[in-house]
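Visitor: Those protein sequences? They're chains Y and S, same order as listed. Counting with our numbering, you get residues 1 to 273 for the letters of the first sequence. Counting with our numbering, you get residues 274 to 565 for the letters of the second sequence.
The set of hints was computed from the structure by calculation and includes no laboratory data. As the structure is a prediction and not an experimental result, all values here were calculated from the model. Note that CB positions come from ideal geometry on N, CA and C, so glycine has one too. Check each hint, because a few of them may be wrong.
Over 10 Å on every C-beta distance to chain S, these chain Y residues come out as not near it, computed from the model [as the list claims (entries may be wrong)]:
#1 Arg-31
#2 Ala-37
#3 Leu-44
#4 Gly-56
#5 Ala-58
#6 Ala-63
#7 Leu-87
#8 Phe-105
#9 Trp-170
#10 Ile-191
#11 Gly-216
#12 Tyr-228
So, partial list: chain S residues that the calculated Cβ filter (under 7 Å) puts toward chain Y [claimed, not checked]:
#13 Trp-319
#14 Ile-374
#15 Pro-399
#16 Glu-422
#17 Glu-528
#18 Gly-529
One letter stands for each residue in the lines below.
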Amino acid sequence: MATGTERPQLNTGVHDTSRAAITARHLRTDRWWLAPAATAAGLLAFIVYSTWRAFGNAHYYAAPYVSPFYSPCLAQNCETMKGGPNLEIFGGWWGISPALIILVFPLGFRMTCYYYRKAYYRSFWASPPACAVAEPHKKYSGETRFPLILQNIHRYFFYAAVLVAVILTWDTVLAFRNSDYEWGHMGLGTILMVINIALIWAYTISCHSCRHVMGGKLKHFSKHPVRYRLWGWVGKLNHRHMQLAWASLISVALADFYVYLLASGVFDDPRLF
Amino acid sequence: MSASTTPTQSTPDSSPTGAGDVASTVPAQAASAAPATSYEAKFRVWRGDAEGGDLKDFAVEVNEGEVVLDIIHRLQATQASDLAVRWNCKAGKCGSCSAEINGRPRLLCMTRMSTFTREETITVTPLRAFPVVRDLVTNVNFNYQKAREVPAFVPPPGVAAGEYRMQQVDVERSQEFRKCIECFLCQDTCHVVRDHEENKTSFAGPRFLMRVAELDMHPLDAAEETGLDRQTTAQDEHGLGYCNITKCCTEVCPEGIKITDNALIPLKERVADKKYDPLVWLGNKIRRRTTG
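Excised from the complex, chain Y in its bound form (with noise of 0.2 Å):
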């Protein structure tokens, strides 16, 4: 006879036979989906808007100013940036937006970002939704097969992101001058291009694996005082990981859509001298 305090007949995770009987996948009374519901809502704003600039192919370069999106420029068909980032190493066969080429790195370092993982596992793929929230997945091997094993290449990534923010970062040298290329001269986007450089410096370094490479790997830090203090620079900033990821992420939008903005016509760059 049915007692009402059988075991639910479903045996996986939490509702494995062998644990206490209780039929919620979770007993958690906070609002404990906020957090992964904006984080999916703020990536994919994100996403939506990169995508539809990364295609777009115009509307990137305003003299001095040139966006972070279309930064090293590696085709023919990008307009020509007087003393800018022009590496034609495609050639002239490259048809679509050259954004598309240069973009894959800096994706490929915020995809395999330990706490880009951590938000869209918890977001988008519900893996799990939140702490102590079950998860609907029957199956799980995490890491360790094709293709989520190759979040591994993370350090390539990160040694590519560095030299992309060498070349943002002369970019944003050339901001220091007015639309004739004369030195000496800043207007709004030069501000908001420094800030977009010095939050891209600080999350790229920021970064676990450039934590690692510091001094990270190491086992004797007493036989290595120089990679033990860079080890710990590098920590402390790495604390604020997450912060640096969002901020650099809308900073770099911010400084795309500006540019976007001058090189469309909607207003002229406020000169401050």
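Chain Y is already provided as a structure; the job is to place chain S on it using the hints.
Guide: Coordinates of chain S only, in the frame set by chain Y:
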């Protein structure tokens, strides 16, 4: 650790005397406006065993300054004398009273009642990743099994036990991991085993991957000289690849250990050195050849 199924000694109620003294010195209006220091809380506690069980409702007195474990003890003393709960130090240091409070893995003794509103119903269940024994007590043998699977510290050859010398900078990283009180909340919340019972054979869980990291970072551990590669075994035998670094272990750790950032991710990077980075592999080969 022991499972208490009998009423425990009552915990001292400090509030009535003190509260009365204060109330007598303030005007009557102000005293009536101040919240009472005692109130009746609504609790739902899971009662049952491996055969089945259910959440039972209780109304129980709560006094100022109490923690959830105090309330569970009061339930034992007044309404459910056979309620099983595992506890010991009541100071957040023994790791015995792990349970789930409102669905979140917590220590009963470190969860203050003042963090809840007086109106809300507080649900207390056993850890949901381990087999239940009775009421709030679970069988945590899985963790001891996994602990045994991690090879111990390998002493350096030619150095007597009393002659170990290490620089503070070399050991401070792993000292963070030594704060672990083995409450197994991280093991409980980790979805790899919580949501997939079948992974328990191949995944050690965050607590014991942290132990592997600790030993791999130990300046005197001579495992490699004896042919034990902790980095490769972390991936191949202890299931590091299952971890998708969603940081729940760090979120629930009552000792505030940054398990993910300071143990699991550094260990993943060390494994990448060993198994997935051809440049590091080539560099090590060349270095060995030139030094050898």
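Visitor: Hint by hint, note whether the structure agrees.
Guide: Hint check results:
Listed as outside the interface, Arg-31/Y is consistent with that label: its C-beta sits roughly 12 Å from the nearest C-beta of chain S, beyond the 10 Å cut-off. No Cβ of chain S approaches the Cβ of Ala-37/Y within 10 Å, the least distance being about 16 Å, so the stated non-interface status holds. The claim that Leu-44/Y is not at the interface with chain S holds, since no C-beta of that chain comes within 10 Å of its own (minimum 19 Å). Listed as a non-interface residue, Gly-56/Y keeps its Cβ farther than 10 Å from every Cβ of chain S; the least gap is roughly 34 Å.
No beta-carbon of chain S is positioned within 10 Å of the beta-carbon of Ala-58/Y; the least distance is around 39 Å. Listed as a non-interface residue, Ala-63/Y keeps its Cβ farther than 10 Å from every Cβ of chain S; the least gap is roughly 40 Å. Taking the minimum C-beta to C-beta distance to chain S, about 24 Å, the non-interface status of Leu-87/Y holds against the 10 Å cut. Look at Phe-105/Y: its CB is around 17 Å from the nearest CB on chain S, clear of 10 Å, so calling it non-interface holds up.
With a least beta-carbon separation of about 26 Å from chain S, Trp-170/Y lies farther than 10 Å from that chain, consistent with its non-interface assignment. Every CB of chain S is more than 10 Å from the CB of Ile-191/Y (nearest about 33 Å), matching its label as outside the interface. For Gly-216/Y, the shortest C-beta to C-beta distance to chain S comes to about 5 Å, within the 10 Å cut-off, and the non-interface label is violated. With a minimum CB-CB distance of about 6 Å to chain S, Tyr-228/Y fails to clear the 10 Å threshold, and the non-interface call is violated.
Here the hint on Trp-319/S is kept, as its CB sits about 6 Å from the closest CB of chain Y, short of 7 Å. A least Cβ separation of about 9 Å between Ile-374/S and chain Y goes past the 7 Å threshold, and the interface hint is therefore violated. Look at Pro-399/S: its Cβ gets to within about 5 Å of chain Y, closer than 7 Å, so that hint holds up. Hint status for Glu-422/S relative to chain Y: violated, with the closest Cβ pair at about 17 Å, above 7 Å.
Contact between Glu-528/S and chain Y, as hinted, is not supported at the beta carbon level, the nearest pair being about 17 Å apart and thus beyond 7 Å. With its C-beta approaching chain Y no nearer than about 13 Å, Gly-529/S sits outside the 7 Å limit, and its interface hint is violated.
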